[in-house]
Every structure is written in structure tokens, then in C-alpha cells.
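There are 2 protein chains.
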Amino acid sequence: MPKMFPFQAQSCICMPLTESMQPRIIKTSSSMISSSIPLKREVCITNHFVKTVSCTKVSRNANLEKLQNGYLFPEIEIRQFEYLQKHPDAKLISLGIGDTTQPIPHVVTSAMAQHSQALSTAEGYTGYGAEQGNKALRNAIAETFYKDLGVKGTEIFVSDGAQCDIARLQMLLGSNVTVAVQDPSFPAYIDTSVIMGQAGDFQSDTGRYEKIVYMKCTPSGHFFPDLSTIPRTDVIFFCSPNNPTGHAASREQLKQLVEFASKNGSIIVCDSAYATYISDDSPRSIYEIPGAREVAIEISSFSKFAGFTGVRLGWTIVPEELLFSNGFPVIKDFNRIVCTCFSGASNIAQAGGLACLSSEGFMALRRVIAFYKENAEILAETFSSLGLKVYGGKNAPYIWVHFPGRRSWDVFSEILEKTHIITVPGIGFGPGGDGFIRVSSFGRRKCVLEASRRLRNLFK
Amino acid sequence: MPKMFPFQAQSCICMPLTESMQPRIIKTSSSMISSSIPLKREVCITNHFVKTVSCTKVSRNANLEKLQNGYLFPEIEIRQFEYLQKHPDAKLISLGIGDTTQPIPHVVTSAMAQHSQALSTAEGYTGYGAEQGNKALRNAIAETFYKDLGVKGTEIFVSDGAQCDIARLQMLLGSNVTVAVQDPSFPAYIDTSVIMGQAGDFQSDTGRYEKIVYMKCTPSGHFFPDLSTIPRTDVIFFCSPNNPTGHAASREQLKQLVEFASKNGSIIVCDSAYATYISDDSPRSIYEIPGAREVAIEISSFSKFAGFTGVRLGWTIVPEELLFSNGFPVIKDFNRIVCTCFSGASNIAQAGGLACLSSEGFMALRRVIAFYKENAEILAETFSSLGLKVYGGKNAPYIWVHFPGRRSWDVFSEILEKTHIITVPGIGFGPGGDGFIRVSSFGRRKCVLEASRRLRNLFK
Numbered sequence: 001m002p003k004m005f006p007f008q009a010q011s012c013i014c015m016p017l018t019e020s021m022q023p024r025i026i027k028t029s030s031s032m033i034s035s036s037i038p039l040k041r042e043v044c045i046t047n048h049f050v051k052t053v054s055c056t057k058v059s060r061n062a063n064l065e066k067l068q069n070g071y072l073f074p075e076i077e078i079r080q081f082e083y084l085q086k087h088p089d090a091k092l093i094s095l096g097i098g099d100t101t102q103p104i105p106h107v108v109t110s111a112m113a114q115h116s117q118a119l120s121t122a123e124g125y126t127g128y129g130a131e132q133g134n135k136a137l138r139n140a141i142a143e144t145f146y147k148d149l150g151v152k153g154t155e156i157f158v159s160d161g162a163q164c165d166i167a168r169l170q171m172l173l174g175s176n177v178t179v180a181v182q183d184p185s186f187p188a189y190i191d192t193s194v195i196m197g198q199a200g201d202f203q204s205d206t207g208r209y210e211k212i213v214y215m216k217c218t219p220s221g222h223f224f225p226d227l228s229t230i231p232r233t234d235v236i237f238f239c240s241p242n243n244p245t246g247h248a249a250s251r252e253q254l255k256q257l258v259e260f261a262s263k264n265g266s267i268i269v270c271d272s273a274y275a276t277y278i279s280d281d282s283p284r285s286i287y288e289i290p291g292a293r294e295v296a297i298e299i300s301s302f303s304k305f306a307g308f309t310g311v312r313l314g315w316t317i318v319p320e321e322l323l324f325s326n327g328f329p330v331i332k333d334f335n336r337i338v339c340t341c342f343s344g345a346s347n348i349a350q351a352g353g354l355a356c357l358s359s360e361g362f363m364a365l366r367r368v369i370a371f372y373k374e375n376a377e378i379l380a381e382t383f384s385s386l387g388l389k390v391y392g393g394k395n396a397p398y399i400w401v402h403f404p405g406r407r408s409w410d411v412f413s414e415i416l417e418k419t420h421i422i423t424v425p426g427i428g429f430g431p432g433g434d435g436f437i438r439v440s441s442f443g444r445r446k447c448v449l450e451a452s453r454r455l456r457n458l459f460k
Numbered sequence: 001m002p003k004m005f006p007f008q009a010q011s012c013i014c015m016p017l018t019e020s021m022q023p024r025i026i027k028t029s030s031s032m033i034s035s036s037i038p039l040k041r042e043v044c045i046t047n048h049f050v051k052t053v054s055c056t057k058v059s060r061n062a063n064l065e066k067l068q069n070g071y072l073f074p075e076i077e078i079r080q081f082e083y084l085q086k087h088p089d090a091k092l093i094s095l096g097i098g099d100t101t102q103p104i105p106h107v108v109t110s111a112m113a114q115h116s117q118a119l120s121t122a123e124g125y126t127g128y129g130a131e132q133g134n135k136a137l138r139n140a141i142a143e144t145f146y147k148d149l150g151v152k153g154t155e156i157f158v159s160d161g162a163q164c165d166i167a168r169l170q171m172l173l174g175s176n177v178t179v180a181v182q183d184p185s186f187p188a189y190i191d192t193s194v195i196m197g198q199a200g201d202f203q204s205d206t207g208r209y210e211k212i213v214y215m216k217c218t219p220s221g222h223f224f225p226d227l228s229t230i231p232r233t234d235v236i237f238f239c240s241p242n243n244p245t246g247h248a249a250s251r252e253q254l255k256q257l258v259e260f261a262s263k264n265g266s267i268i269v270c271d272s273a274y275a276t277y278i279s280d281d282s283p284r285s286i287y288e289i290p291g292a293r294e295v296a297i298e299i300s301s302f303s304k305f306a307g308f309t310g311v312r313l314g315w316t317i318v319p320e321e322l323l324f325s326n327g328f329p330v331i332k333d334f335n336r337i338v339c340t341c342f343s344g345a346s347n348i349a350q351a352g353g354l355a356c357l358s359s360e361g362f363m364a365l366r367r368v369i370a371f372y373k374e375n376a377e378i379l380a381e382t383f384s385s386l387g388l389k390v391y392g393g394k395n396a397p398y399i400w401v402h403f404p405g406r407r408s409w410d411v412f413s414e415i416l417e418k419t420h421i422i423t424v425p426g427i428g429f430g431p432g433g434d435g436f437i438r439v440s441s442f443g444r445r446k447c448v449l450e451a452s453r454r455l456r457n458l459f460k
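So the protein lines, in turn, are chains X and R. Per the numbering used here, the very first residue in the first sequence carries number 1; after that it's consecutive. Per the numbering used here, the very first residue in the second sequence carries number 1; after that it's consecutive.
Source of the hints: derived by calculation from the structure; they are not laboratory data. Incorrect hints may have been included.
[To be verified] Straight-line Cα separation of at most 27 Å, DSSO-like style, residue types lysine-lysine; simulated pairs:
1) R:152 x X:57
2) R:332 x R:147
3) X:263 x R:40
4) R:86 x X:216
5) X:332 x R:135
6) R:255 x X:152
7) X:211 x X:66
8) X:263 x R:51
9) R:86 x X:135
10) R:460 x R:389
11) R:394 x R:255
12) R:57 x X:255
13) R:57 x X:152
14) X:332 x X:152
15) X:86 x R:51
16) X:91 x X:373
From just these sequences and the hints, can you work out the full model?
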């Protein structure tokens with residue numbers, strides 16, 4: 001029996017990483033429940049130690065209670081951590097979270113360094129920027145990525161990243177909208193829907209939340225939903241090039257999607273964070289499709305385009321023509337959300353973003369993207385050589401590997417055990433991802449080659 | 001009658017800054033309302049031009065519909081802009097938004113520049129950081145600001161600023177909590193409450209939202225609410241040193257507040273963004289008060305402490321002991337929100353934050369704060385010399401000037417007209433602020449002296 005120091009025990013309440021360490025309430029002091037004194041509860045910290053804690057009378061947000069487990073990537077980190085605890089000598093290679101690894105081109109980091117240094121001078125110092133982002137950067141984004149598509153700088157809201165913008169868009173939409181997502185899809189769409197109260201309960205038999213429409217995207221359907229079977233929703237989250245499948249929607253597919261949204265009066269939230277990885281003539285923006293300005297918001301990011309995962313910079317486009325049912329422009333409400341819930345992206349990151357869009361910066365970044373896509377080719381060939389069916393990688397930094405008849409977490413664990421490689425279990429992206437794993441092509445070349453070697457030799 | 005180019009007219013839909021420019025719906029094509037074709041509406045763009053637009057069928061978020069006008073500071077910018085349109089030669093001095101103006105100490109900008117440059121090297125490049133912030137920075141914040149207060153690094157969540165954290169805390173709390181705010185108070189608390197659906201309708205006669213409890217803070221009450229008259233709410237937003245009144249709550253006041261929250265089982269969200277401006281022995285953190293760890297969250301920021309308004313860095317503390325009524329730790333849900341709706345503060349800003357907390361950085365920043373407080377003294381003396389009653393400025397960068405019997409916006413306009421100085425009308429912080437203006441002490445010395453001169457000579 002371990003020695004019980006109250007302080008140690010108390011510290012267990014902190015942020016237990018495993019569910020088993022969570023404090024378990026064993027007794028509520030009932031005489032106090034409706035009194036003016038706060039609730040006292042006895043909490044079982046370990047099997048051996050009980051302490052009394054004070055609870056507030058604030059109910060836990062029921063929406064957060066609905067959320068399943070941890071958010072996917074922290075969950076993988078926990079499993080990685082636990083594996084390393086057991087096997088401290090394992091030389092792990094991560095092809096997991098999709099974290100950029102290549103240095104940022106010097107022209108970009110120099111611009112950020114110069115901007116930083118200037119902040120110590122009277123001439124170079126600036127305080128708050130516009131919440132919507134610097135005008136020069138907004139215009140440069142419009143010019144670089146949306147030339148001839150009619151997107152104005154004033155429709156572009158610079159942000160600290162696409163994930164943060166998804167949350168802000170959810171605040172804009174509120175709890176009463178109905179939502180459809182691709183299945184599989186990036187988990188932030190669903191998780192923020194649940195947090196906002198748009199979803200019903202999680203159904204463990206189907207792996208789905210009630211009230212959310214899951215649009216199944218399979219290899220046989222060319223990773224596009226059969227829209228004839230999809231009910232109308234207010235909002236459709238759509239990611240192209242897709243995370244996790246690596247599939248870039250074709251022009252014909254996006255046309256179908258825009259027509260579907262137009263017919264239904266829905267708003268598409270199109271996540272094009274990987275658009276710069278497109279090699280063929282698939283659309284790089286939903287605004288290449290006629291009619292999209294009346295139905296679509298687009299979110300995008302410097303993270304994977306410029307290695308800014310840690311620097312934090314992204315943007316969201318809300319076209320002027322996008323209107324709520326009462327005719328009110330969505331852009332006005334999004335502007336209000338951005339001004340109230342955000343204070344702008346870091347000015348240093350914005351200076352870096354502008355340098356990314358200079359001709360020198362842009363060319364250097366294209367070389368980095370080409371490098372990651374060579375990685376993708378190496379990994380795709382590796383899994384193919386094992387007799388597995390591989391998707392994606394051509395227009396995206398992810399490959400999507402099929403293990404028919406198997407569960408994703410089992411495959412994840414087997415690969416980890418045999419090769420010490422971290423992947424992402426497909427089911428983490430929704431029930432439609434089960435049987436798949438996502439492999440990221442972000443990595444140093446020697447790691448990718450070593451991963452390839454291990455997979456070819458050990459994973460059989 | 002102006003010539004009507006459809007494109008020009010269309011561009012008016014954009015983001016009209018004035019209400020009069022908003023498109024006005026004049027006719028809805030009723031035959032289409034319940035069909036599968038999106039709503040078509042005729043919109044009156046100007047008095048002379050009508051066009052047909054397509055609306056989606058997505059209802060505007062009713063919470064956003066409740067929000068009054070623009071967010072305060074963009075509203076002031078609009079008035080400033082309009083004034084400059086009319087008086088292009090006016091040499092405006094802004095003592096308004098509270099935007100830092102002094103350069104950031106070199107030791108801090110150098111750290112950011114070095115971090116930026118290192119991102120272009122294989123050794124120095126890093127991708128995603130922990131959503132909660134770098135461990136070293138979390139520990140340094142704990143050590144610098146909360147020594148001996150029992151705050152652990154793991155309880156500190158580094159963010160891109162206090163305003164963004166307020167929005168994330170609101171997502172954590174959800175729409176079913178009841179909320180109290182100081183009146184006057186920083187508008188983001190109320191506005192994010194309204195956005196989340198915690199508030200009822202705005203009542204134009206009282207200037208208050210239904211369901212929100214306004215805790216009046218007046219000079220005669222030492223800027224602290226009479227808690228005996230305040231009903232229980234789930235959440236109490238409390239800002240000390242206060243924005244806008246500049247009052248730092250005394251130890252006795254904070255003790256009363258913590259006792260009030262403990263008795264009621266409420267959660268205090270304490271905004272201490274200006275704590276480094278405290279000169280006397282007022283508490284710099286709510287955790288100086290016994291019992292606060294069981295009832296209080298604290299948010300804070302590098303913005304005003306380090307001139308990081310544009311760099312973006314802040315933090316929020318959620319103590320392990322803070323529990324929902326069911327015993328669930330609030331920190332676990334906040335961690336989930338941060339991991340799902342945020343991707344961490346910019347790594348460059350975090351490197352700067354760490355340098356701020358070095359002994360050299362901290363000393364340099366103390367000098368900047370002393371400088372702003374000298375400004376406050378100059379401005380306080382100026383308004384006093386005009387026979388006005390002046391509050392704040394001693395423990396905060398704001399002074400709060402009383403104009404008994406007058407409306408704030410009138411005073412704002414009069415000062416602007418006579419002296420070309422931008423202030424903030426007190427009513428922008430709630431009905432309790434009417435009759436006051438907030439004057440910011442952020443500014444270059446020569447501007448502050450010129451403002452003082454103009455006020456003494458012109459504002460009579």
C-alpha cells in the first residue's frame with residue numbers, strides 16, 4: 001500500500017491523463033445541496049485515499065459532457081507517451097499529427113526577424129493591428145491565391161490558423177444550425193459542433209453523434225458523398241484536398257457540391273488548407289466554381305503551405321454575396337465575431353506571411369512542398385509494395401492506407417509495436433475512416449527513408 | 001441621380017460601415033420560400049437601384065441579432081474616420097483604445113528575432129507547440145507572477161491574448177450559465193455572453209441586456225458593487241485593476257468577492273491584465289486571497305505589461321481545485337477547449353514572453369510601465385485642473401473622468417471637436433459608465449503633453 005501524502009493525492013486531481021486516474025465522487029453531503037453553502041463532496045482520489053472537496057454550483061456544460069474521449073491528436077500523444085514509458089529505448093518516427101519539419105525559407109524568417117527587431121524602435125513599433133489583418137497581407141492573399149476569382153482583400157480575414165477559425169465560425173453559426181461533415185473528416189468540425197450544441201448524443205454503436213449528418217466518402221465513391229442520399233443541412237463542412245484521405249475534389253465534384261448547396265440554401269465551409277499541394281488541375285479554391293460566392297466560406301492556412309504550424313497564421317474568406325435567409329450579410333456577423341472574440345494574428349507572423357507571398361518566398365516554399373510530396377511518393381510506394389491499397393499523396397501531404405477488415409486502432413498499435421512508427425488511426429476521423437490509417441509525409445528525408453525500410457522489413 | 005453600375009452597387013453589400021448603407025430588403029419572392037430553390041430577394045442597395053440577390057436558407061444566429069451596434073472600439077474608429085473625412089487637417093491625438101506606443105525592450109525583440117531566424121535552420125525549426133503553451137514559459141509565468149501562491153505551470157494556459165481567452169472561456173461555460181459583470185466593464189464580457197446566448201434582449205431604456213446582472217461600481221462605492229444587493233449568478237466577470245475605471249480592488253474588496261462566490265458556488269473570472277501597473281499593496285492576483293483557488297479563474301496578458309498588443313500573448317489560469325457542481329474539474333474542460341479550438345500562441349511570441357520574464361527583460365518593462373504611469377499623472381492633473389473629478393491612474397494605465405449630468409458620447413464629441421483628442425465614452429462600458437470618459441495613458445510623451453496643453457487651453 002503506497003504511503004499517502006495529502007498533497008500528492010490532491011495533485012492527482014490536476015489533469016489526469018488517463019481516465020482511471022480521474023477523481024471518483026463517492027458521497028455528496030446531501031444536507032448541503034440546496035443550502036447557500038457550496039457543495040461538499042467526498043472524492044476518491046485513489047483506492048486508499050478519500051478527501052472532501054468543494055464544488056461550485058455551476059453545472060458542467062452539457063455539450064462538453066457529450067464529447068468523446070480526448071481530442072484525437074492529444075490522444076495519440078498520450079499513447080505515444082505510454083509506449084515510450086514501456087519502451088524507453090524505442091526510436092520512434094512520427095508520421096502522425098502532420099507536423100511540418102522542414103525549415104522555413106530564410107527570406108521569410110528574415111522578414112519576421114526584421115519585424116521583431118523593429119518593434120524595439122520608435123519608428124518600427126506598432127500596437128494593435130486591425131482584427132481582420134493587415135491590409136497589405138489581405139490584398140496579397142487575394143492576389144496570390146484568388147486572382148481572377150473576384151475575391152477582394154476586404155473579404156479575407158487573417159487569423160491565427162484554420163482550427164481557430166473553425167471555432168469562430170461555429171460561434172458565428174450558433175447552436176441552432178444543422179451540420180453535415182465528410183466521413184472521414186478532420187475532427188475539429190464535429191468536435192466544435194458538439195461544443196456549440198449543434199449535435200445530439202454520441203451513439204457508441206454507430207460511432208456517430210445524433211443530429212450530425214455524416215457524408216460517407218469511400219474509395220469506390222471517389223471520396224465524394226452520394227449527394228442524392230444526403231438530407232439538407234444548414235452547413236456543410238468540406239475539406240479539399242482532404243484531410244485525412246488526401247483526395248482533392250475534382251472540378252465536377254465541387255460543381256455538384258455547390259449546386260447541392262445552392263439548391264438547399266446551405267452554407268459550405270470549405271477547408272482548403274492543403275490547396276498548395278495540388279499538382280493537377282483540380283480546383284485550388286471553391287471560388288473557381290460558378291455560384292460559390294453565394295454559398296461558400298473558405299478557410300485556409302499558412303501552416304502546411306509555409307511551415308507555419310508553430311508561427312500561426314491562416315485566413316478565412318466570407319464573400320459579400322453570402323447572405324442569411326433574412327438577407328443579412330454573413331460577412332458582417334463574422335466581422336463582429338472577429339472584432340469581439342479575436343484581436344488579430346501576431347504582427348510578426350503577418351510580416352512572415354507577406355514574405356511568403358513575395359516571388360522569392362513563394363518559389364522557396366514551392367520547393368519545400370515538392371520535397372514533402374517526394375516523401376509522400378516514397379511512403380505510398382512503400383505501402384503499395386506491401387500489397388496495400390494506397391490513396392492520396394498526389395495532391396496532398398497525406399496518404400490513406402486501406403487495411404480491409406481490420407480496426408484502425410489495431411493497425412495503429414501493430415505498426416507502433418513492430419516498427420516504432422506513429423500513424424493516425426483512420427477511425428479518429430470518423431467511423432468511415434475505420435480500416436484505414438493516415439500517414440503524413442511531413443518528415444525529414446532520412447526519417448521517411450528509415451520508416452520505409454522498417455515498414456518493408458518489419459511490417460508483414 | 002448617380003449613374004448605376006451594377007458592380008458598384010453590388011460592392012455596397014460588402015461591409016457597409018454605416019447602418020444607412022445597409023441593403024434594405026424590399027420584396028421576397030414568396031412563391032419560392034418553401035420550395036427547394038434558394039430564397040430570392042429584391043434588395044434596395046441605394047434609393048435608386050434595386051437588385052435581386054440569393055439568400056441561403058440558413059437563419060442568422062439570433063444571439064448575434066441581439067448585439068447592439070458595433071463593438072465599442074471599431075465604433076470609435078468609425079467616428080474618428082468620419083471626423084477626419086470632414087476635417088482632413090485635424091491633428092488627432094488618440095487617448096482612446098488603450099494601445100501601447102512605447103517600443104518593446106531590445107532584449108525581448110532580440111529573443112523574438114533570434115527565434116524567427118532559427119526557424120530557417122534544421123536545428124532551430126519547430127512545428128506545432130503544445131496547445132497549452134511551452135512548458136518553460138508556463139513555469140516562468142508561475143514563478144514570476146504567482147510565487148508562493150500555489151499556482152502550478154500546468155494550471156497556466158498560454159494564449160494569444162486575454163480577449164481571445166474570454167471567448168474560449170465562454171465556449172467552455174456554454175449558453176446555460178447566468179452571468180454578472182461590473183458596470184462599467186470591458187465590453188467583451190457582455191458581448192461574448194450575448195454571442196453565446198447567455199443574455200436576453202437588449203433593453204434600450206436601461207441600456208442593459210436582460211438576464212445579465214450588472215453590478216454597479218461607482219466612486220461613492222469605491223468602485224466595488226454592493227454585494228448584498230447582487231443575486232447569485234454562475235459566473236462573475238471581475239476586472240482588477242479595472243478597465244475602464246482604473247481602480248484596483250483592495251484586499252478587503254477581493255476577500256468579500258471570494259467569500260461571495262464561495263457562498264454562492266459561483267465561478268469568478270478575474271481579468272488581471274493590468275496587474276503589473278499596481279503600485280500599492282493591492283493584490284496583484286486573486287489567488288492572494290484564501291479560498292480563491294476553489295472559485296476563480298484568472299486571465300492575464302502580455303499586451304499592456306510588455307507592449308505585446310500586436311505581438312499577441314496572454315494566459316489563463318484554471319486551478320485544479322475549481323470544480324463544476326458534479327465534481328468535474330473545470331481545468332479538464334478548458335484543456336479540451338484549448339486543444340480543440342486553438343493551436344497555441346505563436347512560438348515567436350512565446351520566445352518573446354520568456355525574454356520578458358528574464359531579469360533584464362522584466363526590469364526594462366518596469367521602466368516602460370513607469371513611463372506610462374507618468375503619462376497618467378500628467379493627464380490626471382490636467383483634468384483635475386479643469387475642475388473635474390478624476391479616478392484611477394495610480395494602479396492602472398487608465399483615468400476615469402467624471403462629467404456629472406452629461407452624456408458620455410456628448411463629452412466624447414465635444415472633446416474631439418474642441419481639442420482633436422480621441423477618448424472613450426464611458427457608456428461604451430455599460431450604462432454605469434455614462435457621464436464618464438476613459439482616458440488612456442498609453443502614448444508618446446510629446447502627444448500626452450500636447451493633449452494636456454490642448455485640454456487646458458481649449459476645453460472649457
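Going back to the hint list, which numbers does this structure go against? 4, 5, 6, 15
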